[in-house]
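Engineer: Based on the sequences and whatever the hints tell you, model everything.
Number of protein chains: 2
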Amino acid sequence: MSFSQYSATIPLLISGLKNLKGILAKAQQFADAKKVNPQTIVASRLAVDMLPLSKQVQIACDTAKGCGARLSDTDMPKFEDNETTLDELQLRIDRTLAFLDTLNPEGFEGSEDKAIVLAFPSVTLNFSGQDYVTQFVLPNFYFHLTTAYAILRHLGVELGKGDYLGRVGG
Amino acid sequence: MSFSQYSATIPLLISGLKNLKGILAKAQQFADAKKVNPQTIVASRLAVDMLPLSKQVQIACDTAKGCGARLSDTDMPKFEDNETTLDELQLRIDRTLAFLDTLNPEGFEGSEDKAIVLAFPSVTLNFSGQDYVTQFVLPNFYFHLTTAYAILRHLGVELGKGDYLGRVGG
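Each protein sequence line maps, in turn, to chains L and B. Quick note on numbering: the first sequence equals residues 1 to 170 in this note's numbering. Quick note on numbering: the second sequence equals residues 1001 to 1170 in this note's numbering.
Take the hints with a grain of salt, since some may be wrong.
[Said to hold, decoys possible] Below, a list of computed lysine to any residue pairs in the SDA-like style, where the Cα atoms sit at most 25 Å apart:
#1 B:LYS1161 to L:LEU118
#2 B:LYS1055 to L:GLY160
#3 L:LYS21 to L:LYS114
#4 L:LYS26 to B:LYS1034
#5 B:LYS1055 to L:ALA47
#6 B:LYS1161 to L:GLY170
#7 L:LYS161 to B:PHE1079
#8 L:LYS161 to B:MET1050
#9 L:LYS55 to L:LYS78
#10 B:LYS1034 to B:GLU1158
#11 B:LYS1114 to B:ASP1131
#12 L:LYS114 to L:GLY160
#13 B:LYS1026 to B:GLY1110
#14 L:LYS26 to L:ASP87
[Claimed, not checked] Derived, one-sided and incomplete: chain B residues facing chain L with beta-carbon distance under 10 Å:
#15 PHE1003
#16 SER1004
#17 ALA1008
#18 THR1040
#19 LEU1046
#20 ASP1049
#21 MET1050
#22 LEU1097
#23 GLY1107
#24 SER1111
#25 GLN1130
#26 THR1134
#27 PHE1136
#28 GLY1156
Source of the hints: derived by calculation from the structure; they are not laboratory data. For each residue, glycine too, the CB sits at the ideal point set by N, CA and C.
Structural biologist: Laid out in structure tokens, this is it:
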């Protein structure tokens, strides 16, 4: 056995969020260079019925925050979804990272079998702690990270896979 | 400890690929309904310097296949990257799933510390077996899965998060 509930989630979420910060920094440079209103970038979508960049970042943060809080029985910090600039989205990520940094591996012990209930407006999902990690947290987190990346790539921001994966395999 | 090298990867990869099959099936229905040449769909991209749908599916498959083969010291089946239709991409996924089905958890034991070397044209990445899972396989797999989804969503294929996550939390 090589992964704990903690090691299978928190380090991955932290790396992903740090990479997302770098991606948003390149979006800011793009906005500056092109003299584009950054709010236009934050409101960009890939399809009219898909969520905009702001929401992709918010949900990536909330997936990470929710995972950390639920599996460790820690109070979940509440963030309002009111970011309209790239700077504000960076701050949202910083606040999420600061929360994840407060968590320690011991707090996650035994969370494999914990009942996790996610109530959405249209559906309620029931997971064991372990299934929550593999069936919800990881695919969902990377979904919103990648969609944020894809929105920016589609706009013309100069990004590559290295920005998404970060410095790995060194 | 709750995850082995096997359980942290293969079941997630299998679920993801099965969901991708469903997503491509909806793309086929869309092509049929709109009388669009499916080859146009397979060649679609989000940006001129991003990879097309075919390549996103091929890399998702290869990330899964490579993970299974490398961690279990199994010969890696070789697939030519010659798919030009949605049917052929479905077949690629089927062949990948068939390979993953041949692997058993015992074969992955001890792979945490195995040296994994990925040689790309521009860079060589060196991982431990465990870092390979968390820093490469999972983020990379979900990246290509999500990008395939995003390309199709952008074209107007009717897809929702449920198609990507699959039936979970039941």
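Engineer: Each hint should be assessed against the structure and marked as holding or not.
Structural biologist: Hints, one by one, checked against the model:
no.: 1; hint: B:LYS1161 to L:LEU118; result: 15 Å, holds
no.: 2; hint: B:LYS1055 to L:GLY160; result: 15 Å, holds
no.: 3; hint: L:LYS21 to L:LYS114; result: 32 Å, violated
no.: 4; hint: L:LYS26 to B:LYS1034; result: 37 Å, violated
no.: 5; hint: B:LYS1055 to L:ALA47; result: 21 Å, holds
no.: 6; hint: B:LYS1161 to L:GLY170; result: 34 Å, violated
no.: 7; hint: L:LYS161 to B:PHE1079; result: 23 Å, holds
no.: 8; hint: L:LYS161 to B:MET1050; result: 10 Å, holds
no.: 9; hint: L:LYS55 to L:LYS78; result: 15 Å, holds
no.: 10; hint: B:LYS1034 to B:GLU1158; result: 12 Å, holds
no.: 11; hint: B:LYS1114 to B:ASP1131; result: 10 Å, holds
no.: 12; hint: L:LYS114 to L:GLY160; result: 38 Å, violated
no.: 13; hint: B:LYS1026 to B:GLY1110; result: 40 Å, violated
no.: 14; hint: L:LYS26 to L:ASP87; result: 12 Å, holds
no.: 15; hint: PHE1003; result: 4 Å, holds
no.: 16; hint: SER1004; result: 5 Å, holds
no.: 17; hint: ALA1008; result: 5 Å, holds
no.: 18; hint: THR1040; result: 17 Å, violated
no.: 19; hint: LEU1046; result: 5 Å, holds
no.: 20; hint: ASP1049; result: 8 Å, holds
no.: 21; hint: MET1050; result: 6 Å, holds
no.: 22; hint: LEU1097; result: 17 Å, violated
no.: 23; hint: GLY1107; result: 14 Å, violated
no.: 24; hint: SER1111; result: 8 Å, holds
no.: 25; hint: GLN1130; result: 5 Å, holds
no.: 26; hint: THR1134; result: 5 Å, holds
no.: 27; hint: PHE1136; result: 6 Å, holds
no.: 28; hint: GLY1156; result: 7 Å, holds
Of the numbered hints listed earlier, those contradicted by the structure are 3, 4, 6, 12, 13, 18, 22 and 23.
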